[in-house]
Amino acid sequence: MKWDEFFVTGDPLIYGADVSIAITMLGIVFFLTYFKKWKWLWTEWLTTVDHKKIGIMYIISAILMLFRGGVDALLMRTQLAVPEMEFLDSQKYNEIFTTHGTIMIIFMAMPFLIGLINVVVPLQIGARDVAYPYLNAVSFWTFFIGAMLFNISFVIGGSPSAGWTSYMPLASNELSPGPGQNYYLLGLQISGIGTLLTGINFMVTIFKMRAPGMTLFRMPMFTWSALVTMAIIIFAFPILTVALALMTFDRLFGSHFFTLQGEGMDMLWANLFWLWGHPEVYIVILPAFGIFSEIIATFSKKTLFGYKAMVWSMVLIAAYSFLVWVHHFFTMGSGALVNSFFSVTTMLIGVPTGVKIFNWLFTMRKGQIEFSTPMLWSLGFIVNFVIGGVTGVMLAMAAANYQYHNTYFLVAHFHYVLIAGTVFACFAGLVYWYPKMFGHKLNERIGKWVFWLFTIGFNICFFPQYFLGLDGMPRRIYTYSEESGWGPLNMISTVGGFMMGIAFLVLVYNIYYSFRYEPREKTGDAWNGRTLEWSTPSAMPPFYNFAKIPVVKGLDHFWNEKQNKEIKPLTTQDLQKIHMPNNSGVPFVMASFFFVSGFGLVFEWYWMAIIGLIGVLATLVIRSFDYNNGYYVSVEEIKETENITK
Amino acid sequence: MAQSKVRDLNTPMEYQSETGRLNILGFWLFLGAEIALFSTLFATYMVLMDRTADGPALGELFEVKGLLIQTFLLLTSSFTCGLAIHEMRRYNVKGLFFWMITTILLGLGFLGFEIYEFFVYIHEGANIGTSAAWSAFFVLVGTHGLHVTLGIGWIILILIQVAKRGLTPQTTAKVFISSLYWHFLDVVWIFLFTAVYLMGMVMQHG
Amino acid sequence: MANHAAAQHKGIPWKHVVGFVLSIVLTLFAIWFALETDLSTNIKLLVIFGLAIIQAALQLLMFMHLTENSRTQGFSGRIQIGNILFGFFVAIVIVVGSVWVLSSGHAEKKPTNGEHEMKMDSGSMNHD
Amino acid sequence: MYKRYKPFVFLGMLLTVFLLSGCSDLLVLDPKGPVAQQQKDLIMYSIIFMIGIIMVVYVLFGFIVYKYRDHKGHKGYDPENKGSHLIEAICLIIPLIIVVALSIPTVKTIYSLEEAPKGSENKKPLVIQATSVDWKWIFTYPEQNIETVNYINIPEDRPILFKLTSADSMNSFWVPSLGGQKYAMAGMQTELYLQADDPGVFDGRNSNFNGEGFTDQTFKVAALTSESFDKWAKETQQEAPKLTKKQYDQLMLQGHTKEMTFSSTHLKWVKHENDADYAIKVRERLSK
Ligand code: HEA
Ligand code: HEA
Ligand code: CUA
Ligand SMILES: [Cu+2]
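From first to last, the protein sequence lines stand for chains Y, C, A and L.
Counting in the numbering used here, the first sequence runs without a single skipped number right up to 646 at its last residue.
Counting in the numbering used here, the second sequence runs without a single skipped number right up to 206 at its last residue.
Counting in the numbering used here, the third sequence runs without a single skipped number right up to 128 at its last residue.
Counting in the numbering used here, the fourth sequence runs without a single skipped number right up to 288 at its last residue.
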C-alpha cells in the first residue's frame, strides 16, 4: 500500500479535516505542556475509576461526536438544498450519511445517555460508586477507542459508505472494496464491548448497591429506566457482536454468511442487524424517558403520576422490543402472515408508550409548573415526540409501509423520535445535572434561546420531510432533478438544519459563558430536587459521594425529608472510614491495544492485529493477578472534605 | 471487600465477601449475554444449514463415534468441575486441585478431538469458505471451541492464584465463577450436539 | 438448592452424581432416538430438542447452583433465574423468529437438498 | 404568553400550508392504479386516527400547562396526587382500541396486496421479470420473448405480476404512482402485483441504497392501451435486435446504460434467482 492510498487525498474537505485535526492535536499538546497538565490529565482523568468523572468524559466525547455528526448533517443538507447541486459527489455523500447515522446513534446518543447514567444513577441510589469501577473505566475507554477508530477513517484509508445499516451484499468485498467498511465493523465491535460491560455493570449496581431502604419500587424513575435499558443492552448487544463478526469473517477470511457466492444469504444480515437494531432504538429512548420523568416531576413540584404504570410500561417496552424487528423490512417479501404479525406487535408498542405520555401529562396536572430550561426541553419533547411516535405507527402498518419505506417519510419519523426524544433528553439532562457535574448552572436566558432556536429549527428541518417522503423522495439519494418538484421543501429543510446548527453553537457558547459568569452553587440542591443526588451538602459531590449513606424511607425520599424538615447536618459521629477503589491505568492501556488490533485488522495487517490482541490478553492477565483492593478514606479526611467542625 | 477470615459455615466462602457476591451475580448476567450470543450463531446455522452450494452436505461428514467421545469428555468434565466446587466448599484444596486439573485435562481432550475433526473436514473439502452452511458450522462450533480454550487458560490462571493465596473469599469466588463458565459451555455443547450433529445426521439419513 | 452450604458438603455429592448419570442417559437416549428409530423427522427433532432443554435445565440446577442466593444480601437467586428465563425467551425469539421470517415467502428459492427446508417452504412457496 | 404557544401556532401554520397546497399532488397520495389506491386509502384512514391522537395530546397538554403554570393565584396544587386507576385504565384501553382499529384494515390490505387487485382476478396477469443490476433494471417478458432495459411498457387495466430478482445488490422495485415497493434480491425471487388504471407514464426506481450509482437507477413505466401494447410487443419481436450473451455480460458490469430493447431474453443463460453470483463471476472474468 502506498502512502497516497493510506491517507485519503484529493478533496479540499479532507485536507481541511487533516489540517484541523493536526492543529487541534498540536493545540492540545501545547496546552497540556504549557500549563504542565500532563500529570493532571493522567492521574485525574485517564486513570480515574470515579463514575462521575467517567460520566463527564462520556458526555464530552458525545458532544464532540454530536459536532462531527452535525457537521456531516449540515454537509448533507447543503448538498440537498437545491436540485442538481454540485457540492458533494455521490461517493462523498454516501460516506457522509453513513458516518452521520453511525456516529449519531452509536457514538453520540448512546454515550451521551450512558454518560448521564454514569454521573447520576449511583448518586440517585445512594451508592459510593458502581459495582465494578474498574470495569467502568474499561467500558469508557473501549467506547472511546472504538469511536476514534471509526473517526480516523475520514483521513486514513477512507470512510465506510454502505449506510449505517450496511446491508449485504453492498457491504461485501466485491461491492465495497477497501478498508472503509472494515472501520465500521471494528469500530462498532470494539465500542460494543464497552457497551455490554456497561450493561452488566449498571444492572448489578442498581440491583445490589442501593442504599438501605430503597426497595425497587422506591427507585427514582431515571434509575428504573437505566435498569431496564441495561437489560436490553445485555441481550441485544451480543447479537450485534455476532453479526459484525460474521461480516468481518466474510470480508477478511472468505466465509459466506451474507455473500453472493457460496449461497450466502443477504437477508440474514438484515435480519440480525435489526434483531439488534430495533432494541437499540429503545436503548436510546428509555433513558430519555427516565430523564423527562425526573425533570417533569421536579419542575411540577409533584410526585410522578402512575409510578407503577410507568415502570411496568417500560418493562413491557423492553421485552416487546425483541418482538418487532421485522418492521424494518416488511418489503422483503416474507409473506402476509409474517408481515401481519409484526405489524400488530409493532403497533402494540404504542400502547405502553402512550401510557407514559399520558402519565407525564397527568403528573403536571395539579402541579406548579416552572418553566426552567430543562422543563422546556421536556415539554418540547412531549409535543414533538408524539408526532414521531404516531408516524412510527403509520410506518408499522405494513401495507402502507410499502409506500413509505426507504423514503424521507421514514427519515422524518426517526429524526422526530431520535431528536425530540433522545437529543432533547440529552440536552435536558445536561442542563439539569450540570450543577452536579460542574458546580454551577448553565445560564437560563441563553439556554432558552437554545431551546427555541433548536426546536423551531428542528421542526422546519424535518416536518417538510414527511411530505417529501409522500411525494416519493427516496432516502440516501445525493441529488435530485428539478422536475421532481422536491426543491422548495428541501430548501426549507436545509434552513431548519442550519438553525439547529446555530442553536448548537449557542449551546457551546453558553457553556463558556456560564463557566465565566454564572454564580457557583452553594448547596447541593440546585433545583429543589426530589431524589438523592441532590442531597449531598456540596454542589459537586466528593469522590466518595456520600459521607454517610442515606437510609431511604420512601419514593421521593429527599423531597419528603425536606418537606418534613428532617434533614440534620452531619456530625463526626456519623462518620466511618470509607473504602474506595484505586485508580488504574490498565483500562486505558487495554483500550489502546484494542486500537492497535482493530487498526491492524482494518488494513489486514495481521501481525499488527495479533500484537494488539496479545496486548489485550496481557492486560487481562495482569488484572486477574491484581489483588489490590483499594484503600480507605480516613474519618479525618472526610471531616475536612465535608467541613464538619463538630 | 471484607477479608474476613471468619468461617461462616452456612455461607460458602465465595459468597462471604461483597465483591464475591457482586461478581457472581455479574457473571450470571454475562451468561445471559452469552445465551444471546450463541442463540444468534444457532439462528445463523439453522438458517444456512442447507445452503451447501457445491460443497458436501453437512450431515454427510458427521460421525457418531467421535461425537460420542467428545460429548462424554465434556459431560464428564462438567461433572468433575462440579466435584471441584464441592471440594472447595469443604475447604479441601487438594480435592479442588485434583478435580479441576482433571477437568482441564478432559477439556483438552475435547479440544483435541475437535481440532482433529476440523482437520478431517478440511481434508474432505469442507472449510469456512466452502459454502454458507460450512461457514456457519465452523464459526458456531469454533466459537464454542474458542470458549473452551479460553476457559482452560482462565482456570489455569485461577489455580495458580489459589496455589499462591490459598482459599480466600476472593479466590473461591474466582474459582466458582470459572466453574459457572465451564458448566455453561457444557450447556452450549448440549445444544450443539443436538442442533448441529444429531439434526444434521437425522436430516441426512432420514 | 437455596440452603446449599458448606455444612452439607460432607460425604458423597449425590446431587452431582445423579445429575451426571442423568445427563449421560439423556445423551445416549437422544442418539438412539435420533439414529435408530423410524419415526418421522419432525417427531425426532421435537424429542431431541426437548431432551436438550431438559439437560440444560439439569446443568443449571444441579451443577450451576442457579437458584442459590447470597442470604445476607437479598435475592440474587431470583435475579439469576429471571435473567436466565429472559435469556431463554430471547434465544427462542432469535432462533425460531429468524428461521420463520427467513423461510417464509420468497417464492422459488433454489431447490435444496435438505428435506427439512423443502417442507417449510412448500406451504408458502407462492405468496398466498 | 404568546411564546408558550409558538410551537402550536407554528405547527398549525405549517400543517395548513401543506394541507392547502394539496396533499393530492403528492405522488403517493395520487394513485394511478388499484394497488396504490388501496394503500392511499389505508394511509388516509390512519392519518385521521393520528391527527385525532395528536389533537387529544395537544389539547390536554395546552390545558394542563396553562392551568397549572406557576403564577399568581395558582390553584389546585396537590403534590401528593399519585395516580388514579380510572385515568390509567382509560389511557390503556383507548389506545388499545385504536390499535385494533388500525390492525384490521392493515392485515386485510396486507393479504389483499399479495394477490391480483380486486376486479381483475379473472384477467390473466402479464408476467414481467424485473432484474436489477448495479445500477440499472432489466425487464423480461417471458411470454412475449422480449427484454427491455430501464423502461417497461404495460397494458392498462390488467394486473402485472412482477417477478423480482437481482444480479447483485439488494434493490427495491418501486413505482410510487402504481403501488408500494418490494425488494429484489440475488438468489431469490419475490413477487409484486401492480396495475394501471389509465394510460400514462410513471416514474419507477430502485429505492434501496446500493452504492455510487444509486441516485440514477430509475426507469420509466408506460401504461398503454392493450391494443397499443400488443402492437408494441409485436413490433419489438420483429424489429428489435436479439440479445447476445456478450451484450448481456456487458450489462452485468456496474454502471448506467440507456434504454434498450431486445427480441430475446437472457433466461436461456442464467436465472438470477437460482444463480446469485453470476454477475460477480462475469465481472471477475471481464476484468482479467
Ligand atoms: C429513538 C428512536 C426510535 C423510537 C422511540 C422509535 C419508535 C417507533 N418506531 Fe421507529 N425508527 C427509528 C427510531 C425509533 N423509532 C429509526 C432510527 C428507524 C430507521 C432506521 C433506518 O432504517 O435507518 C426507525 C424505523 C421505523 C420503522 C421502519 C420503517 C421502514 O424502514 O420502512 C418502523 C415501522 O414500523 C418504525 C416504527 C416505530 C414505532 C411504531 C415506534 C413506537 O415506539 C412509537 C410509539 C409512540 C407513540 C405511538 C406516540 C405516543 C402514544 C400515544 C399518544 C398513545 C396513543 C397512540 C396510539 C394508540 C397509536 N420505526
Ligand atoms: C441521534 C441521531 C441523529 C441525529 C441527532 C441526527 C441529526 C440530524 N440529521 Fe440525521 N440521521 C440519523 C440519525 C440522526 N440524525 C440516522 C441514523 C440517519 C440514517 C443514516 C443512513 O441512511 O444510513 C440519518 C440521516 C439523515 C438524513 C438523510 C440522508 C439521506 O438519506 O440521504 C438527513 C437529511 O436531511 C439528516 C439530517 C440531519 C440533521 C439536519 C440533523 C441535525 O439535527 C443536526 C444538527 C447539527 C448540529 C447539532 C451540529 C452543528 C454543527 C455546527 C454548528 C458546525 C457548523 C459547521 C459547518 C456548517 C461546516 N440525517
Ligand atoms: Cu456442590 Cu452443589
Ligand atoms: Cu424499529
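Take the hints with a grain of salt, since some may be wrong.
[What the hints assert, rightly or not] In silico DSSO-like links for lysine-lysine, alpha-carbon gap of 27 Å or less: (1) Lys448(Y) <-> Lys67(L); (2) Lys15(A) <-> Lys94(C); (3) Lys72(L) <-> Lys448(Y); (4) Lys75(L) <-> Lys366(Y); (5) Lys258(L) <-> Lys288(L); (6) Lys301(Y) <-> Lys220(L); (7) Lys75(L) <-> Lys562(Y); (8) Lys220(L) <-> Lys258(L); (9) Lys258(L) <-> Lys92(Y); (10) Lys548(Y) <-> Lys208(Y); (11) Lys366(Y) <-> Lys72(L); (12) Lys553(Y) <-> Lys82(L); (13) Lys72(L) <-> Lys301(Y); (14) Lys72(L) <-> Lys565(Y); (15) Lys288(L) <-> Lys308(Y); (16) Lys82(L) <-> Lys565(Y); (17) Lys258(L) <-> Lys366(Y); (18) Lys301(Y) <-> Lys82(L); (19) Lys82(L) <-> Lys163(L); (20) Lys366(Y) <-> Lys82(L).
[Unchecked claim] Some chain C residues near chain Y, calculated using beta-carbon distances under 8 Å: (21) Leu29; (22) Gly32; (23) Ala33; (24) Leu37; (25) Lys94; (26) Gly129; (27) Ser131; (28) Ala132; (29) Val139; (30) Leu157; (31) Gln161; (32) Leu167; (33) Gln170; (34) Ala195.
Don't read these hints as lab results, they were simulated from the structure.
Every residue, glycine too, gets a C-beta built ideally from N, C-alpha and C.
A quick look at each hint next to the structure:
Annotation: proposed proximity of Lys448(Y) to Lys67(L) holds, straight-line Cα distance about 21 Å (limit 27 Å). Between Lys15(A) and Lys94(C) the CA atoms are separated by roughly 21 Å; this keeps the pair inside 27 Å, and the hint holds. With a C-alpha separation of about 22 Å, the suggested pairing of Lys72(L) with Lys448(Y) holds against the 27 Å cut-off. Of the supplied pair hints, the one linking Lys75(L) and Lys366(Y) holds, its CA atoms being roughly 8 Å apart against a limit of 27 Å.
This hinted pair checks out: Lys258(L) and Lys288(L) have alpha carbons roughly 26 Å apart, not beyond 27 Å. Of the pairs offered as hints, the one joining Lys301(Y) and Lys220(L) is violated, with about 61 Å between alpha carbons and a cut-off of 27 Å exceeded. Taken as a hint, the Lys75(L) and Lys562(Y) pair is honoured in the structure, with Cα atoms around 22 Å apart against an allowance of 27 Å. A distance of roughly 12 Å separates the Cα atoms of Lys220(L) and Lys258(L); the hinted pair therefore holds under the 27 Å criterion.
At most 27 Å may separate the alpha-carbon atoms for a hinted pair to count; Lys258(L) and Lys92(Y) meet this at roughly 25 Å. Our distance criterion of 27 Å between C-alpha atoms is met by Lys548(Y) and Lys208(Y), whose separation comes to about 18 Å. With a C-alpha separation of about 15 Å, the suggested pairing of Lys366(Y) with Lys72(L) holds against the 27 Å cut-off. Among the hinted pairs, Lys553(Y) with Lys82(L) is consistent with the structure: their alpha-carbon atoms are about 17 Å apart, no more than 27 Å.
Pair hint Lys72(L) plus Lys301(Y) holds up; C-alpha atoms about 16 Å apart against a cutoff of 27 Å. Distance check on the hinted pair: Lys72(L) and Lys565(Y) sit about 26 Å apart at the alpha-carbon level, within 27 Å; holds. A distance of roughly 68 Å separates the Cα atoms of Lys288(L) and Lys308(Y); the hinted pair therefore is violated under the 27 Å criterion. At most 27 Å may separate the alpha-carbon atoms for a hinted pair to count; Lys82(L) and Lys565(Y) meet this at roughly 22 Å.
Our distance criterion of 27 Å between C-alpha atoms is broken by Lys258(L) and Lys366(Y), whose separation comes to about 68 Å. Under the criterion of a C-alpha separation no larger than 27 Å, the hint pairing Lys301(Y) with Lys82(L) is consistent with the structure, at around 12 Å. At roughly 58 Å between alpha-carbon atoms, Lys82(L) and Lys163(L) are farther apart than 27 Å, so this suggested pair is violated. Under the criterion of a C-alpha separation no larger than 27 Å, the hint pairing Lys366(Y) with Lys82(L) is consistent with the structure, at around 10 Å.
A distance limit of 8 Å between C-beta atoms decides the matter here; for Leu29(C) the minimum to chain Y is near 5 Å, and the interface restraint holds. Restraint check, Gly32(C) versus chain Y: the minimum CB separation of about 5 Å is within 8 Å; hint holds. Because the closest C-beta pair between Ala33(C) and chain Y is about 5 Å apart, less than 8 Å, the hint holds. The beta carbon of Leu37(C) is positioned within 8 Å of a beta carbon in chain Y (closest approach about 4 Å), and the interface hint is therefore held.
A cut of 8 Å between beta carbons decides the hint on Lys94(C): the least distance to chain Y is about 23 Å, and the hint is violated. Interface restraint check: Gly129(C) against chain Y, minimum CB-CB distance 4 Å, threshold 8 Å, status holds. For the restraint placing Ser131(C) at the interface with chain Y, the shortest Cβ-Cβ distance is roughly 5 Å, inside the 8 Å limit, so the hint holds. Contact between Ala132(C) and chain Y, as hinted, is supported at the beta carbon level, the nearest pair being about 5 Å apart and thus within 8 Å.
Annotation: Val139(C) was flagged as interfacial toward chain Y, and the flag holds, the nearest CB pair being 7 Å apart, inside 8 Å. Hint status for Leu157(C) relative to chain Y: holds, with the closest Cβ pair at about 5 Å, below 8 Å. About 7 Å separates the beta-carbon of Gln161(C) from the nearest beta-carbon of chain Y, less than 8 Å, and the hint is met. Hint on Leu167(C) is violated. Least Cβ distance to chain Y is approximately 14 Å, over the 8 Å limit.
Satisfaction of the interface hint for Gln170(C) is found here, the shortest Cβ-Cβ separation to chain Y being roughly 7 Å, below the 8 Å cut-off. Here the hint on Ala195(C) is broken, as its CB sits about 16 Å from the closest CB of chain Y, past 8 Å.
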